[in-house]
Structure formats: C-alpha cells, structure tokens
Amino acid sequence: MKNRLRRTMMFLNAHKASLVKDPYVYKPDSIIFDLEDAVAENQKDSARIALYNALKSIDYKGIELVVRINGLDTPHFKEDIRAAVAGGIHTVRVPKTESPEDIFTAEKEIEKAEQEFGVEVGKTLMMGAIETPLGVIKAYDIAKSSQRLMGISFGAGDFVRTMRTTRSQEGLELLAARTQVVLAARAAGIMCFDTVYTDVDNIEGFINEVKLIKQLGFDGKSIINPKQIPIIHQIFAPTQAEIRAAEKSIRTINEYAKDGIGVFTVDGQMLDIAMLEGAKRMIELAKASGIYEGDL
Amino acid sequence: MINKVGRNIPDELLVNGVEVFQGEYHFHNKEYTKASPTVRAFVAPGQDKLVSSLKEAIEKCGLEDGMTISFHHHFRDGDYIVNMVVETIAAMGIKDITICASSVGSAHDPIVKHMESGVITGLSTSGIRGKIGEAVSKGLLRKVAFIRSHGGRVRAIESGDIHIDVAFIGAPSSDVYGNARGKGGKSDCGVLSYSVVDAKYADKVVIITDCLVEFPNFPPSIQQVDVDYVVKVDEIGDPKKIASSILRFTEDPRELIIAEAAAQVLVNTPYFKDGFSFQTGGGGPSLAVTRFLRPYMEKQDIKMGFAIGGITKPMLDLLNDGLIRTILDAQDFDLASVESVNSHPRHFEISTSQYANPFNKGSFVNNLDFGILAALEIDTDFNVNVVTGSDDGILRGAPGGHVDIAAGSKCTILVAPLLRTRIPTIREKVTTITTPGESVDVVVTEVGIAINPKRQDLMDALQNVKLLVPLRTIEDLKNEAYALAGAPEEIEFEDQVVALVEYRDGTIIDVVRKIK
Amino acid sequence: MILKKNAIAGTLESSDAQIIIEPSHNGIELFIRSTVMGQYGKQIRAMVLKTLERLGVENAKVTVVDKGALDCTIKARVECAVFRAAEIKENLPWGVRI
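Chains as they are written, first to last, in our numbering: chain A, 1 to 296; chain B, 1 to 516; chain C, 1 to 98.
Since the hints were made in silico from the structure, they are not lab data.
Predicted model, so just to flag it, every value in this text is computed and none were measured.
Glycine included, each C-beta is placed from N, C-alpha and C at the ideal position.
One or more hints might be untrue.
[As the list claims (entries may be wrong)] Once the Cα atoms are required to be at most 25 Å apart in a straight line, the calculated DSS-like pairs of lysine-lysine come out as:
{"#": "1", "chain 1": "A", "residue 1": "K287", "chain 2": "B", "residue 2": "K466"}
{"#": "2", "chain 1": "C", "residue 1": "K89", "chain 2": "A", "residue 2": "K16"}
{"#": "3", "chain 1": "A", "residue 1": "K56", "chain 2": "C", "residue 2": "K42"}
{"#": "4", "chain 1": "A", "residue 1": "K56", "chain 2": "C", "residue 2": "K89"}
{"#": "5", "chain 1": "B", "residue 1": "K514", "chain 2": "C", "residue 2": "K42"}
{"#": "6", "chain 1": "A", "residue 1": "K78", "chain 2": "C", "residue 2": "K89"}
{"#": "7", "chain 1": "A", "residue 1": "K227", "chain 2": "B", "residue 2": "K466"}
{"#": "8", "chain 1": "A", "residue 1": "K16", "chain 2": "C", "residue 2": "K50"}
{"#": "9", "chain 1": "B", "residue 1": "K138", "chain 2": "C", "residue 2": "K42"}
{"#": "10", "chain 1": "C", "residue 1": "K89", "chain 2": "A", "residue 2": "K108"}
{"#": "11", "chain 1": "A", "residue 1": "K112", "chain 2": "C", "residue 2": "K89"}
{"#": "12", "chain 1": "A", "residue 1": "K227", "chain 2": "B", "residue 2": "K299"}
{"#": "13", "chain 1": "C", "residue 1": "K42", "chain 2": "B", "residue 2": "K516"}
[To be verified] Computed beta-carbon distance windows for the label pairs:
{"#": "14", "chain 1": "C", "residue 1": "I28", "chain 2": "A", "residue 2": "L183", "range": "58 to 66 Å"}
{"#": "15", "chain 1": "B", "residue 1": "S343", "chain 2": "A", "residue 2": "R4", "range": "52 to 60 Å"}
{"#": "16", "chain 1": "B", "residue 1": "V39", "chain 2": "C", "residue 2": "G41", "range": "51 to 59 Å"}
{"#": "17", "chain 1": "B", "residue 1": "P345", "chain 2": "A", "residue 2": "D158", "range": "53 to 61 Å"}
{"#": "18", "chain 1": "B", "residue 1": "D252", "chain 2": "A", "residue 2": "V266", "range": "45 to 53 Å"}
{"#": "19", "chain 1": "C", "residue 1": "K89", "chain 2": "B", "residue 2": "D317", "range": "54 to 62 Å"}
{"#": "20", "chain 1": "A", "residue 1": "D158", "chain 2": "B", "residue 2": "R291", "range": "34 to 42 Å"}
{"#": "21", "chain 1": "B", "residue 1": "K299", "chain 2": "A", "residue 2": "K248", "range": "23 to 31 Å"}
{"#": "22", "chain 1": "A", "residue 1": "R251", "chain 2": "B", "residue 2": "P345", "range": "53 to 61 Å"}
{"#": "23", "chain 1": "A", "residue 1": "L276", "chain 2": "B", "residue 2": "A483", "range": "37 to 45 Å"}
{"#": "24", "chain 1": "A", "residue 1": "T105", "chain 2": "B", "residue 2": "P295", "range": "47 to 55 Å"}
Assemble the whole structure, with the sequences as input and the hints as a guide.
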C-alpha cells in the first residue's frame, strides 16, 4: 500500500536467524530486511535465502516488509530482487540512488521478477535511499521517476564524510540535505524518511533528533534498535489539541460539503476541502498512536 | 493416584501419611503438634563454644551414618560451606547422610562424587541445578530426593517430616558463644533467614564463620541459646558471588515490553491502592516491573505498604524515596541491601517461616497483594514448571518461593517470553508441575496477556484498559507459540522416580523420573 | 542436483543451525546435534530430509548442529549449503525447488 503509516522503519540483518523470527513484537510500522551493509560479502547468498524463507513462513502481522537490496554496482542486486519478489516483499529499497536511471534499473528487474513469479505487475513498491551529495541534488528527479516509489529516504552514513565535515548534536551539517529531501518528496507527492541514529544509548540525543526531523516534515525514521520505536511513536503522536482541531475540521468540512460549499471560515481560520486529507491523516496517526478516543 | 492437577503419583510413595495434592488451601485450620529437637543443656559457665576445626565440631556433634545435616543458601554461588562440610564428613568415613538444604546449585558440583560413593544418599532442597541436578536426574542419588519450596521446607522441619541432626550454619560473623549475623564480616550476606528454623529444630547446631567478633554479636540472626559449637575457617565463601556490587535493570527490549505490560495489569487491578504490598525477587522480572510501576505510584500518590522477598538496590531506592513504607527481607542480593538491612529503620530481617511457612498461624505471603514470578513452562491450565528443563527433563531449577507466593498473593502475575529460542513457554502440558494453576491469575508475554478464567473479576477490571499487548486466551498464546516453533514432542523418561515435588503443605504435586 | 564440493552454511548462534554438506555416493546420511533434540529432533530431521528431496539431492553426508532454529531457518540453511555445494550462484529456483 503506497500511503500508510511509516513512522518507524526497523532495519534488521536478514542473515541473523534470531532477529527475523519475531521482530513484530516491537511493533515498528515497517521492517527493512537488510541484504546490504549488515550482511558480510560471503553471506549474501545465505541472507537472500533466509529472507525468502522468512517471507514465506512467518506471519509478520500486517507490518510492511521492505528489503534493502545490494547496490546496483554489485553482482548481487538482481538475485536479491528475484528472491524478494518471489517471497512476496512489499517494498524494495534501493541504496545510494543518485538518478532516475538508478530507479529504472531496479524497476526493470522488479518487473521481470513479478512476471516470472506470478506477482501482479506494479504491485511491488519501491523507495530510493539518498546517501550522497549528488543524490540530494537529484532528489526531486528521483522522487518523481516512478509510480512505484512510495518514498525517498535520507541516509547520513557516509554522507558526512563526503561532505568533509563531521556529525554534530544539532545536525547543522545535515540540514540542507534533509530539507532538500523533504522538499523533493512533497513536490513529487511521496513520503520521506530520515537516517538512522546509531548512538543507541544516547536517549536524549535521539529524542532531540526525532523532534527536529518531525519539525522538518519527515514522515518517519529508520531505526536500528527496538527501544527507539516507542520514542518515535510518542513524539510523532498528535497532541490532544491537534486531534480536536482535526476532528472539528473534518466535521465542519463534511457539513459544508453537503451544501456544496468548499471554502469557509471557522474560528477565524480559513478551511477548505483540500485540508480534509491532512486532518484525516492526523486522526489516523492518533489512532495508530493509540491515543484516539473519538468516534471518527 | 491422580492428584488434583492431574498428575499420577505412584501409590508406593503414598505411605506414612503422605498424601497427594488436593488443593492450595486443603489443610487450612489443620491442627498438629510441632516436632522438637533433642538439646544439650549448657549449664556450666566460663567456657565458650569455639572448637579448633570442622572435624572436631562434627565429632563432638556425634554425627553418624544415616543422619541428616542442613545448610542455608544465603551465599548462593559463592558458597564454600556445603563442599567443605561434605569433604570433611567423607574424609571421616561417615556415610549415608541426607542433606536438607534450602537450595543447592552449581557451586556444589563437587559433592556429586560423594553422592555416587554413598556418602550423601538423600537430598531435600528447593533449588537443584548444575551437576547435582543432572546426577539426581540420572538416578545417582540412592534415595528419592525431595524438592520443596522455601515455605514447604520450614513446614517439613517444624512438623517433623524431616529431622535435622546437625545444622551447619555459615555466618559472616559470629562471637565465640554463637551469636551469628549476616553482617559484620568480610563476606556479608545481610540476613540468615533460611537458617532460623534449622537453629530452632536441629539437635546440634554448628556455626561456621571466617570472622570472629567481640561478644555479644548483637542483634543476632541466630542466637547463642540455640548454638552448640562455633568453628572459624579461612573463608566461608567468595564475597563477589555472595553479594553483587550492582544488579542492573534489564535493557533487553523484549523483557521491557513484558515488564511494562505486567505493570499495566498490576495498576489496573483493584488491589493497586495506597498501602499495597509487593513481592520482589533477585531475578529480572519483578525488578523490571518496579521500574514501570514507579511513575504510576508517583502520579496517583500511591505508596507500597510493604515489599517483601529478595531485596536489591532498586527496592531500597523506592524505600528511600518514600514510595515504600516497610521492607521485609528474607534474602539480600547486592551490597546495598546487605548494608541497609537491620540498619535502616524500616528495613527488617524476617525468617523464612514468617515469610512463607503455610503451617504457622499466618505467614506474610498471606498478606501479599501482588507477586511477579517467572516460569520455565506454563500449560493451558496455568500450571507452572520451574524445576525441570524443557528439552531434556533434567532438574535445573527451583520452586523457591514461587509456590508460596502464588498461593498467598491476591494477584499472581507470571511473566515470560512466548518462546525461549525454539522452546514454547506456553504449552499443552508442562514437564513437571511445581505450582498449580489455581494459584496463577495472570500470564504476561510479549504478544499477549492471558487471565485465568476463574478470575472473572480481573477480566472485568482489564477488559477496557488500553494495554501494551492484547488480552488473549492461554490457548491462543499456546497456538501462536506452536505455529512459530512447531508442536514439541513429549520427552520420554524411565519409570523410576528420582525426586518428589512436594507442595508447600507436604502433599505430592508431581514426581520427577529418571531421564533416558 | 549435482554437488561438486563440501559446503557449510549457517552459524552456531542461538536460534540458528549450522549445516555441513559433503557430496557422497551412499544416499543421504544425516547426523543431527541439537539443543532441542528431545522436543524437536524428529521435526528437524523431517525438515532437512524434505528440503533435500525438494532440491533433488539424493547423495550427501549432512551434518546439522542446531541451536534451536525454527523450521524456516533450518530449511534456509540447508538450501544455502546445497547451492554452495553445487556452486549455483544465480537464477535460483525460487518457489520451485526452494
């Protein structure tokens, strides 16, 4: 499903048996089975086979299932795609995307695999991981390059080194890249996700970063440890005031819509029917956060 | 004969008044006459009780073949006492001895050779781990072993089911007349709760210490009036393993989910109100739960009336922050607790009898609101196994206070992961029953919470609460475990019974058979 | 499926299984060691044999050291070892023999 809640996308090493069997207990919105960086070069085949078998036998309770395939410059990505699509993966995450051509290359293999394995063509979604300066610059072109793209993500891993600077608490060195990715995603009408926070024990630092990226407009964040999940879900949860405002918007818009009125003023604020979707998303987010007590 | 939890107890074991388990409170109001020791009057003054060696103490106690000796386990994996005494007894050529310990563990692996040679032929214990557990499971102990809970051990001693000839009490400090304490030495353990009954009911009592102190060593956990001899040795145990410097809260995300869900259950029962009582242990589960309990207590201005059990620093923090009014201590796990007991004005040492003995006039478990307990296996009738391994049936656990707490507390909450690697915790049938399902109220796993159907009141209380994990039936949890891991085969045993699992009231709740 | 060389897959970590495959001529010889032998020994044997059969392996000496792996992990490790032994790296028969 292209549009769904993706506040937390949890990476796990597809090769590690103990991790793939029940990651759903931590309740991330998406699980990213990693065939790339987490997996040693001589275990790529094993990780791929493990992924296929896990997809086929384990019930992941409705969580979105994503695979991070190996780079398009490696000999692995084609077989990664075959295994994942055959297994029924929902979304393919392409690392280090720098151009629409990267998306096309992956998409071609995905379509071939869908045909080979009897999956409805077009069903498999994609996301592009932007990890380089060139990728950031080309972000909008990447974001609108395919109907399958549900979102783009920003990955800071090597980025900071390439930029010839270092990671800081405030993240100033990442600000331009982050904003660019959000802009690109919104202009193309797709979702956007922020990079992993690797200092797992620094809870305060993590909270600050999550608040920042929420403010910047990101839809969610990649995570590497289950304890990061409840923190993000809590910060992304709407406040009660926001929920009430959304409820009011929805009710009034629907009421006015019945009379054929599309724009009006409520409490001094202009509301129009275009805001309905945002308000609905707010309610959906509230429900997913477990804090919604209304009746919409 | 089939007992109340459906286990078949061989008729040949039901002799001399031994009955099968018939229910948690079956013996309520039973009257009986307590057993008593044969003691020696120490009338003449001017002498002390110090003897030059353990061997001399054993000789003077008149230990003979066929007798019963006893030990506590306050020194846990750091204990040297049991091995020391058994070696000495073996060297003296004494044999056919029964050990009545509050618990034995892997620190006591060395006595297995004496089990095989016939020096030690009988065993009564709660915990039974390591090589001793394996040896008993293989049938290497000449007599059938008794697995008893902490409360059950006291009951058995006081009612005369066991008669202790010589009690060996390891003490961190003692004076020359036998006033012994769990503090004041170089390997402090805090309290000597398990030994109080031994001191009162054994014919002969020997204090073994590595730290002789000035007379009188007050306030004593074990009193001079019950002590025959005092022996000084170089080391009673390894202080690092007796009391750890810091016990950490678990950081494992799965355990945290379970603990948080258990706390949510707890605070939504009607028993969560000011003055509530809570049992704590040294293990991860109950400790982790207290971490999540605290915010609720602070927010609703609810304080714990008392906490009881094995004490650790997190409980002391709550005490010092005014969130607990009294701590009742039956065992200390860390240095902070050792320091606090008997010096903090609201942190008290109690005996194991006061804690959990079912046959006195009312022990503290009867006043408990909540007990948080772990479990190796739980079946769909809520029966629990905490003593035999799932995969091989080998003895490697301990009922400890599990059975006592479950029987006494108003709300018994079991916390456990759904699977441990491939092994389902929740299953059709448990290997050995130590705790009956009627004592268990709630089971909390990381995928769901099951409430015992006989607790409609708890179901009503939790029905509309927003919980971290959903309410489900125990059948459902079992099915999920089996869907993931496959249904486990039942392990096969030989017919020979190697241990009896005695319920706290002296009835037989299950038997452990020899492994194949 | 023709096995050309010895191969190993999986690890000895908890919840995993290590599979060693050696080509042979005596049908399937299977040796299993498991931390959950009592409860799941039969099931592990069945899963390994079924997986080998599906892959068309008729002759091999297979050694399994299991640390409580789920069925899907055992299957995955056996498959990986077999393809390594057969030196097949791409165009695997997903959904057909796997």
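Q: Find the hints from earlier in the document that the structure breaks and name them by number, from lowest to highest.
A: No numbers; nothing is violated.
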